[in-house]
Amino acid sequence: MSAVRIPPVLRTATGGQKQVVAGGATVGEVLQSLVAAYPALEQQLLAPDGSLNRFVNVFLNDTDIRHLDALATPVVDRDTVVLLPAMAGG
Amino acid sequence: MTTQIETPPPRSVGPAPREAPGEARVRLACRRCGLPVALGPVYVCAACFGPLEVAYDLDSLRESIHADTIEARPPGVWRYRELLPVDPPSRGLAVGSTPLVNGTRLGAAIGIDRLWLKDDTRNPSLSFKDRPVAMAAAAVERFGMGTLACASTGNLAGATAAAAAALGIPAYVFIPADLEPAKIDHALAYGATVVPIEGTYDDVNRICLEVADETGWGFVNINLRPFYAEGSKTLAFEIAESLGWRTPDVIVAPIASGAMFTKLAKGFDELAAVGLIERRPIRLVGGQAAGCAPVATAWESGSDIVEPVRFPDTIVRSLAIGNPADGGYAVELARGSGGSIEAIPDEVTAATIRDVARLEGIFTETAGGVTVAAAAAARRRGVIGPDDEVVALLTGNGLKTPDARQFGVDPRPHRAGPGEPGLAPALPPRFGEVLAWLEQGS
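Residue numbers (the numbering used here), protein chains in the order written: chain Z, 15 to 104; chain L, 80 to 521.
No lab work stands behind these hints: they were computed from the structure.
Yeah, the Cβ is synthetic: ideal placement off N, Cα and C, and Gly gets one too.
Worth double-checking, as some hints may not be accurate.
To be verified - Here are the simulated lysine to aspartate or glutamate pairs, EDC-like style, with alpha carbons at most 16 Å apart:
id: 1; chain 1: Z; residue 1: Lys-32; chain 2: L; residue 2: Asp-466
id: 2; chain 1: Z; residue 1: Lys-32; chain 2: L; residue 2: Glu-289
id: 3; chain 1: Z; residue 1: Lys-32; chain 2: L; residue 2: Glu-411
To be verified - Covered by chain Z, according to a simulated footprint, are these stretches of chain L (three or more residues, beta-carbon under 8 Å):
id: 4; segment: 295-306
id: 5; segment: 380-391
What the hints assert, rightly or not - Stretch-level coverage of chain L by chain Z, calculated; a stretch enters the list once three of its residues show a Cβ under 8 Å from a Cβ in chain Z:
id: 6; segment: 119-130
id: 7; segment: 280-289
id: 8; segment: 332-338
id: 9; segment: 398-405
Please model the entire structure based on the sequences and the hints provided.
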């Protein structure tokens with residue numbers, strides 16, 4: 015199981031939890047598990063075709079998954095997936 | 080002859096009179112789904128995760144906003160207060176009302192006869208970042224957040240530190256550890272706590288997103304970003320006012336996150352919506368450093384997707400954002416307006432910094448070199464025509480990046496030394512020997 019850090023704006027959907035755990039062998043599977051456990055997250059995180067919302071950045075252990083294998087990036091136990099808003103900085 | 084259009088310099092650091100009340104005229108709204116949100120230190124839509132931005136009741140403003148009222152106000156960004164998201168802070172810096180300079184000599188060199196330079200090198204902390212930070216500082220006071228903070232590529236560090244000093248509140252400035260020393264010294268001088276992070280700007284930004292959530296501090300470009308970004312509109316307002324309430328054919332601006340680029344367009348759009356200018360097309364041309372050009376690459380390839388650059392490699396540290404938040408919007412704007420986004424090699428940026436200084440007497444930091452080089456590139460590409468009236472933004476002062484000027488010419492850092500073109504050898508303190516050196520042809 016991987017830890018998933020939840021940004022404040024999404025914590026209503028996770029009952030206020032800052033961090034939850036979710037299973038899966040890839041980042042994409044972890045996000046699917048997350049959405050299955052907390053269905054209210056789906057609209058914010060995923061487009062109708064299952065791709066990532068363009069305003070969400072996903073990091074695996076501090077690395078943007080776009081610099082890895084995107085949603086196909088392998089995940090092992092004790093990895094941390096961090097969800098953050100894309101519209102920041104500059 | 081150089082012509083300058085300049086409003087008088089700001090005379091005081093006190094707040095401007097509060098003529099325009101009524102934040103009912105202002106709210107936040109999601110740029111993606113349109114959901115309205117009350118003003119607050121929030122930046123993400125709870126419904127769709129899209130970005131929040133400030134929206135105004137422009138129809139009602141059309142009746143109440145007039146050019147002569149604005150012109151009668153003190154200089155500075157707050158003269159446009161009806162189109163800004165917050166009232167001025169109780170104590171702030173004298174930001175804005177910078178001159179629009181006729182760049183005749185530089186224009187002749189790059190084939191643009193009607194070139195104007197917006198000289199934002201002379202804001203209080205020597206860059207345009209004082210404009211957005213003025214809005215964020217006002218917001219931090221309004222929301223009682225107590226501490227001003229930022230993730231910075233350098234210019235924002237100084238602007239945030241200076242604004243916090245003026246307000247009398249602490250500042251925390253997070254930067255990439257290998258930032259130019261002059262920018263670090265600058266922020267420290269104002270009393271800020273500077274936190275170097277061993278990574279890229281994007282690493283710094285990622286960490287600050289979580290620090291903002293944990294601390295509740297007012298991060299100007301994170302939880303206060305909707306307010307902060309609005310400050311860049313004042314560049315558009317001042318350009319229009321300086322030109323007699325009209326617009327140029329082309330605006331050329333640097334692109335880092337793309338926020339300023341998009342807010343220039345929003346600024347001109349709002350001026351037209353309230354009737355202060357005639358609505359006419361403006362081509363938007365952007366400049367990026369070739370060593371970190373995710374937005375230029377997307378524009379050039381015809382793609383809507385901005386692929387992030389993991390490891391920027393450029394002397395243009397102020398534009399070295401590999402994962403630009405507003406990159407997609409900037410591509411849309413450049414494409415939709417008939418503009419372009421140019422990628423400029425560092426050698427060209429350095430040569431252009433020298434040209435701007437030599438031909439116009441303005442010493443710009445690296446982003447200004449990129450911008451003028453982008454104007455020249457867009458002229459060669461045909462995006463800018465020979466008769467176009469063009470405004471290029473010089474967004475920061477060259478003293479912030481003193482090494483950059485000699486990039487590609489002299490590898491030595493920091494100080495001009497013996498042998499540098501233009502620098503005489505040290506002469507004895509005797510008139511005869513100085514005269515002899517001058518007479519031998521310098």
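Item to complete: Please flag the earlier hints that this structure goes against, numbers listed from lowest up.
Response: 1, 3
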